[in-house]
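Asks: Take a look at the letters that make up each chain.
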Amino acid sequence: MSIETNETFRPKIVAFCCNWCSYAGADLAGSSRLSYPADVKIIRVPCSCRVNPMFILRAFEKGADGVILCGCHPGDCHYSTGNYYARRRMTLLFSMLDYIGVENGRTRVEWVSAAEGVKFSATMNEFVEKIRSLGKNVRLGDLRCRS
Amino acid sequence: MKYSYYPGCTLTTKAKDLDAYGRASAQALGFELEEIADWQCCGGVYPLGSDEIATKLSSVRALHEAREKGQDLVTLCSACHHVIKRVNDDMKNVEDIRTRANNYMQLEKPYAGETNVLHFLEVLRDRVGFDVLKEKVVNPLTGKKIGAYYGCLLLRPGKILAFDNPENPAIMEDFIRAIGGEPVVYPYRNECCGGYISLKEKELSKSMCDTIMESASGFGAEMLITACPLCLYNLNKSVEEKLPVYYFTELLAEALGVKEEVDRA
Amino acid sequence: MQELIKRAKELLADGTVVRVLGWKAGDLPYNPEPAYFAKDTDFADFVYNGFCGANLSKYMIEASKMEGKTLVFLKPCDTYSFNQLLKEHRVEREKAYIIGVGCKGKLDIEKIKALGIKGIQSISGAELTDEAETLTVQTLYGEKTCAYKDAMLERCHVCKGKEHKIYDELLLTSRDTTDADRFAEVARIEGLSPEEKFAFFQKELGKCIRCNACRNVCPACSCRKCVFDSNKFDSSQKANADSFEEKMFHIIRAFHVAGRCTDCGECSRVCPQGIPLHLFNRKFIKDIDEFYGEYQAGEDVDADAPLTSFTFEDVEPSVVSTRS
Amino acid sequence: MQRIGVFVCHCGSNIAATVDVEKVVEIIRQEPGVVHAEDYQYMCSEVGQAKIADAIHEKGLTGIVVCSCSPRMHETTFRKAAERAGLNPYMVEIANIREHCSWIHKDVEEATKKAVILARAAIAKVNLNAPLKPGESRVTKRALIIGGGIAGIQTALDIADAGYEVDIVEKTPSIGGRMSQLDKTFPTLDCSACILTPKMVEASAHEKITIYTYSEVEKVTGFVGDFTVDIRKKARSVDMDKCTGCGVCQEKCPSKKAPSEFNRGLSNRSAIYTPFAQAIPNVPVIDREHCLKFQKGKCGVCAKVCQAGAIDYEQKDEIVTEKYGAIVVATGFDVIKLDNYDEYAYSQSKDVITSLELERIMNAAGPTKGHLERLSDGKAPREMVFIQCVGSRCADDRGKSYCSKICCMYTAKHAMLIRDKYPDVNVTVFYIDVRTPGKNFDEFYRRAVEDFGVNYIKGQVGKVAPQPNGRLLVQASDLLDNRQIKMEADMVVLAAAIEPNPDVRKIATMLTASIDTNNFLTEAHAKLRPVESPTAGVFLSGVCQGPKDIPETVAQAGAAAVKAIGLLAKDKLLTNPCTAHSDELLCNGCSTCANVCPYGAITYEVRQVNDHGIREDRRLAVVNEALCQGCGACTVACPSGAMDLKGFSNRQILAEVDAICQ
Amino acid sequence: MITGKKQAELIKEISGVNPLKCMKCGKCSATCPSYNEMDIKPHQFVSYVLNEDIEALMQSESLWKCLSCFACVERCPRDVKPGKLIDAARQLLIRQRGQEYLSPDEVPELLDPEIPQQLLVSAFRRYRR
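First to last, the protein sequences are chains A, B, C, D and E. So in the numbering used here, spot 136 of the first sequence is number 136, and the numbers just go up one at a time. So in the numbering used here, spot 241 of the second sequence is number 241, and the numbers just go up one at a time. So in the numbering used here, spot 65 of the third sequence is number 65, and the numbers just go up one at a time. So in the numbering used here, spot 164 of the fourth sequence is number 164, and the numbers just go up one at a time. So in the numbering used here, spot 69 of the fifth sequence is number 69, and the numbers just go up one at a time.
Note that these hints are calculated values from the structure, not bench results. Note that the coordinates shown come from a computational prediction; the quantities given were computed from them, not determined experimentally. Treat the hints with caution; some may be incorrect.
Below, a list of computed lysine-lysine pairs in the DSS-like style, where the Cα atoms sit at most 30 Å apart [unchecked claim]: (1) Lys219(D) <-> Lys87(C); (2) Lys14(B) <-> Lys2(B); (3) Lys145(B) <-> Lys350(D); (4) Lys21(E) <-> Lys486(D).
Which chain D residues face chain B? A few, computed with CB under 10 Å, are given here [stated by the list, open to error]: (5) Ala205; (6) His206; (7) Glu207; (8) Ile336; (9) Tyr341; (10) Ser347; (11) Lys350; (12) Cys394; (13) Asp397; (14) Pro466.
Even for Gly, the Cβ is constructed at its ideal location relative to N, Cα and C.
Next up, chain A with everything else stripped away, as it sits in the complex:
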């Protein structure tokens, strides 16, 4: 058993969650005991628009295998417009990563409201599954592409 666990790939996954909706959604997932793998670690930010693409690239450079950004649903941002900016920024960033040949499943944006504990948990399970299937992040560690 323990040998198997050692051999199983355990990805490092960073989840940026906005304070108002998604972090609360994650709390609800917790209080509803909706489990998802411990590979996911959450960083609280005030709003999805606080997430600088540099944070995401930094996570990958430091060895993350997947990064997910969760924010309020469009139209529900606590700051009214933050997630709209985040949506554009992340769309362009993800498209660029795809363009240079990085697996686009390693990045994801999901809108999770404070009431969506089920969705939060389901999303994280799905995302971890995806990252496990992609395996260890090699390409994003060094975007000079000097592997």
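Given chain A's structure and the hints, the job is docking chains B, C, D and E onto it.
Replies: Only chains B, C, D and E this time, still in chain A's reference frame:
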């Protein structure tokens, strides 16, 4: 303007009129119906089961051929229209059906609902325009009180067919106005005539048609028009308050002055 | 060229401007460089020919801080950069007297060399008054010729047009040099498999020596202090920051200028390693056009920039994996 | 380097059952900067908090990490504890090892490992924390109420009675709202006007209340305690000060073909009009669209007959700018449009009406002077059918997903009143469920059935078909008898769903208050803060928050008033110190940040800076800390990284990233 | 032996209908033109599927009385589409047992000279595999 045209089984046999008047009217209105090669029967009813593929393929073939020609696909029969439009919607929006149908068909370029399916009436409304049609009418049916009978297949499910307001449609009434007649609106114009049930349960469909006829004549209709051979058949079986029932293309041909030509031929 | 000098001298003489920003001859026949001219005598080595690709807009940031007005010569594409800087309050319109100069396409010496023309002593046919159809090159090995078009910079083949977006007056006429699809190469790469894409960029970016020429020449990279040079994004250990910087430099730089880059092509022009850096910027431009509607930075000073605006119906980031 | 203390909470067994807290303490103790680490049963208890205070004093801690439940739960608790012990409260960070760890993981080893990582991330962050001090902002002691229905009036009266100035902005020419259109009210059957009119009068006479009718909120800036609002007073074309309300102008107005909004278009009114007799203010408005003077250039009858000389055709819209400390939204509702329900023939037959239209028909001041009659031919009905849930409880996009809540009760009321006044009229109600939770509500419904003989049939109606004889054929199912019913009726009344007033979207955007998918305003907490919007200083009153009947609306209006009063009673407010700020040496002055700021908190000024000895004037971004809400949009937009966010700085977040990815 | 549970699953799969969305308003039954001919009424189909009582459903006359006129589908406020459920039950029956409602021998006596092809085609689709 050229359209791919899917006549369907009945229009080449029992409902030849519907077809011939339609083609002649199209010509008079300056568009052409180009019959697609090797069309196969649509099956008459849309296969509701989400796991049925084979019964959807004949529609996909027709749709695919129209796409290859870069044309919209026009139908005249309500049933063909219903089936083909819904299969097209499946091909566009239901991944499972699209994948399996394409696997079966082995087309060069998979078909994914690219073709626009139009009913002849939609061509008149959206492409020709009822105002243009009105100008081309030479024998207006002035004074004729005509009830439009839509039935179910043209209108429902409203979201997929996107033909007209399913509960309060106007396209046939506007058509009647365009050819100079006076439309009679009655509430049962979108209730079912009984459809295929008339094969075995003749009384049931008769009673449904009676209700429709009564409602239409009660509101003053002198005749009914329809776009469906089966509706026509069933309505003609009605016993009470029997009103004459015509295909809308027949009245169209008459209004455009091409009916005699067709009748001679 | 003589018209430019004449007009510059007039404007200096009547006090409209106190200095002129133009190009002066370099040590080789094909490397003129940006320079200020203040006195009549300075103009001896003023040049304006096919090799004056350098975009002078960025120099106007410094010039805007100086006393008095500066006369600046801007080619049509340069005016986009100037406009963008104006939008970002980096240059002052009142401090600039803009002469929009004509352009028949700028030349790429690497392309001439690639045509097998070596030992270059002088080049003629590159003046704006010339037909600009053929270049005649005197070399150690005799006279060689090549078609002007074949020696043009990549960016001129996808020229944004011969119209100046901002100017006080115009001199010399331009020629339309567009004969290629601006996004063809980006689209080609998009069509590759992830492995091929990665291999392509690995090969190109592997050449980077972090000389910062791209950053220094870029009119959009006009920050007083680059994020890579500040400690705002460090985690206190400089060593880490260095490796982060090393690994992510070009992507981050491209993102920082996304929506602001006018696609002036200077980054690729100055890269000593010949990395096609414009392919990053153009990818963003292509995406922005496709996702949010066509947008050309520097075209309209008052337009909303794509990354500082939004619509409620914007595409979701998942579009990246779902689009065909 | 900070001197950090780490406190790991067991939360009884909530955490300790899955996370080996002692082990966490043991590992974390070794982290650089950590000078104290301990675990305790309940860190949030008195004793737990005392442990934090003790460690601060004894070990000279400069930073605290509490590994416990969600910061949304107890961050404030621990910050206050630290503050009492003399530490800046913003030197506390929480590692959420309950909701994000122990509650969702089963394996102890795994959960413990994760808890350690989360603690490390918090330590990394707190290492870079700096003491923050909340700013102060003043409170303007005046409230704005948007909407002058019963909700708005009640809130206004309660706030005004507490001694604060209140302004009501009402879009239509009179206050009163939907309630003024009702005939009787359930469950007591009082006349609506009889109980509403006194409140309207009281509001208009209250010395602390100013009413802006025929006015709309145009622009809102500012923040809690200090909103600045532009109110557009639409041109009334009548001088409010001169008009005596004699009504002659309305009588003489030759243009009498405008549909009466008050009567739901069932009757016409003159172009110069007051919506109803008890209108407040009793000053008419000229509806310029229907006025001959405005449309054709001639007429002017009203000006001629007005003895007071109050008619002013030249009047223009006027913008009033006022400051407010609190804003209450009370924009109410309308019934949905029935375009999607043509199977009920609403648009085809005049005798198919909505319940609100019936309300007008039953009202003595209504289009039929209170006589129940068919609008098609004026005949008295013999057979009436009510259809419930038209557009409510829908899963498709034709209607609304929610229960409109009031229909069951008002239909019972209508049925009862009709049976009472016209005993020979048969009344049939087709219902799906009869929902009557409320004091005396079910008794009321039962009375309709038992005492008044209203025929309730469980089953929805499928189609209403107008018949050639002028009657309406209703085709329905009776689910309990398992039969299909076809019956002829003379009138059909549809209980159409209610929806928030469409204007609420615009208002919510102006207030940066959030709304749900049904356009209802979202409350700050569904259970514990039901009358507050998540936007500080904005409160919710009435149906704009969700379907409500009158007693509930009045109760909620009072609750919203109390919350507003609680705010207005303060002289100063503390502001969130986690605001953006710009490094003047890095700032380009490019304005990119200002373009994304939703609060207009960033302005620019030219200032001399000393950049390593170089003195020059630079254009620099300046953040107004009172306006900044700390979203951070600007920090990412800033190309040079000059803009940063206190409490969530780039370096802090990167430190967390690094700690997690280690 | 296929269990009721399995059959119910199949019906849900074939029809794509989620019977749990039904709020039992009865609008389908109110609107059905064949209502009086049916032994199991349209609104009851949902309960039969939920109760996994598929045998009874498949014995029902109603399968052959539905006209596929989609009135119930169009008007259902809960997007349940009872018509699709009925059709799925019918298909299940035809597929599993070859229990056709129409045999070719019957056809001649049902014919009259005016019957359109469409009628025969539709009836065959509905009544037979």
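Asks: Taking the hints in turn, state whether each one holds.
Replies: Outcome of the hint check:
no. : hint                    : result
1   : Lys219(D) <-> Lys87(C)  : holds (27 Å)
2   : Lys14(B) <-> Lys2(B)    : holds (26 Å)
3   : Lys145(B) <-> Lys350(D) : holds (23 Å)
4   : Lys21(E) <-> Lys486(D)  : holds (27 Å)
5   : Ala205                  : violated (49 Å)
6   : His206                  : violated (49 Å)
7   : Glu207                  : violated (54 Å)
8   : Ile336                  : violated (16 Å)
9   : Tyr341                  : holds (7 Å)
10  : Ser347                  : holds (7 Å)
11  : Lys350                  : violated (14 Å)
12  : Cys394                  : violated (14 Å)
13  : Asp397                  : holds (9 Å)
14  : Pro466                  : holds (6 Å)
The structure is inconsistent with the numbered hints 5, 6, 7, 8, 11 and 12, although it conforms to all the rest.
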